Amino acid sequence: MTENAHKELEALISLLEDPDNLVFDNVSNRLIELGEKVVPPLEKRWEITLKPDLQERIEDVIRKIQFNTLKRGMDSWKSGGGTDLLFGSYLVARFQYPELEFEQLNEKIEKIKKDIWLELNNDLTALEKVKVINYFLYDIHKFDKSLKKAHTPQLYLLNHVMDTSKGSPVMLGLIYAELARRLNLPIYGVNLPRNFVLCYYDPEYHEDPNNILFYINPSDKGNVLGLKELKHFLKHLKIEEKEFYFTPCSGTDVIERLIINLQYAYQRSGQPEKAQALKNLLYKG
1 MTENAHKELE ALISLLEDPD NLVFDNVSNR LIELGEKVVP PLEKRWEITL
51 KPDLQERIED VIRKIQFNTL KRGMDSWKSG GGTDLLFGSY LVARFQYPEL
101 EFEQLNEKIE KIKKDIWLEL NNDLTALEKV KVINYFLYDI HKFDKSLKKA
151 HTPQLYLLNH VMDTSKGSPV MLGLIYAELA RRLNLPIYGV NLPRNFVLCY
201 YDPEYHEDPN NILFYINPSD KGNVLGLKEL KHFLKHLKIE EKEFYFTPCS
251 GTDVIERLII NLQYAYQRSG QPEKAQALKN LLYKG
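Residue numbers (our numbering): 1 to 285.
Treat the hints with caution; some may be incorrect.
Okay, derived cross-link-like pairs now, DSSO-like style, lysine-lysine, Cα gap no bigger than 27 Å in a straight line [what the hints assert, rightly or not]:
| # | residue 1 | residue 2 |
| --- | --- | --- |
| 1 | Lys64 | Lys78 |
| 2 | Lys108 | Lys78 |
| 3 | Lys221 | Lys108 |
| 4 | Lys44 | Lys64 |
| 5 | Lys142 | Lys111 |
| 6 | Lys274 | Lys145 |
| 7 | Lys221 | Lys166 |
| 8 | Lys221 | Lys148 |
By construction, these hints were calculated from the structure, which means they are not laboratory data. This structure is a prediction, so every number in the text was calculated from the model and none was measured.
Please model the entire structure based on the sequences and the hints provided.
As structure tokens, then:
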């Protein structure tokens, strides 16, 4: 940072105390425009000031800067194809934990991937490959559906799920699908209402109109399901069948479902302001 830029920043931070709301709005907008580089000086000022009102103003500016950075990251991820589900869910988790680092989370998923990869070979059938994934993900690494209430926000945050091995159906399915992607296996998310499932896709399989060999329930230790069971599930819930309930969805669809579920969890757990802010991550621009 140049000397002039440093002086401007110091002046702007000092003006955050100005009682004139118009001055404050102009100053905060300029700080937000400057972006992430002003966060450390703002945090330093927050630590040394004894004025609660100034601390509150600084917190508000930092929060907006961090959200804008996150929004740009999410828009960039979508524009790049939205295929890396781990990175997409990492961005969602940064909404709650802005300073979260990706590398440690990536190392954990790579460790599980390597365990699975060592046991896979081309002679295995699709079902046998799924059994290998299930063994390592559920039996060795102990991932499982959490028994906590569905509106617990932590169940939708990647770092919490990776640390505890307990998560919501959509998070378990997301991790499963990302492992499959890294192993070059054609396993994709399926936007079934009330329960996120996966499918094993095979373009050479013509007995199913959508070329799907079978479905996988990630929240039931990878139990394999057929189309009839999914239709029975919908019938039991009195939900009208729609074709896209049974077909592969995109990576961006998976992350959008994760965001919607997290938004609902914030709302139900008494954090409506977070639920409202999270809405903005769903839309590009």
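Now the hints, each set against the structure:
| no. | hint | result |
| --- | --- | --- |
| 1 | Lys64 - Lys78 | holds, 21 Å |
| 2 | Lys108 - Lys78 | holds, 24 Å |
| 3 | Lys221 - Lys108 | holds, 19 Å |
| 4 | Lys44 - Lys64 | holds, 17 Å |
| 5 | Lys142 - Lys111 | holds, 14 Å |
| 6 | Lys274 - Lys145 | holds, 24 Å |
| 7 | Lys221 - Lys166 | holds, 12 Å |
| 8 | Lys221 - Lys148 | holds, 17 Å |
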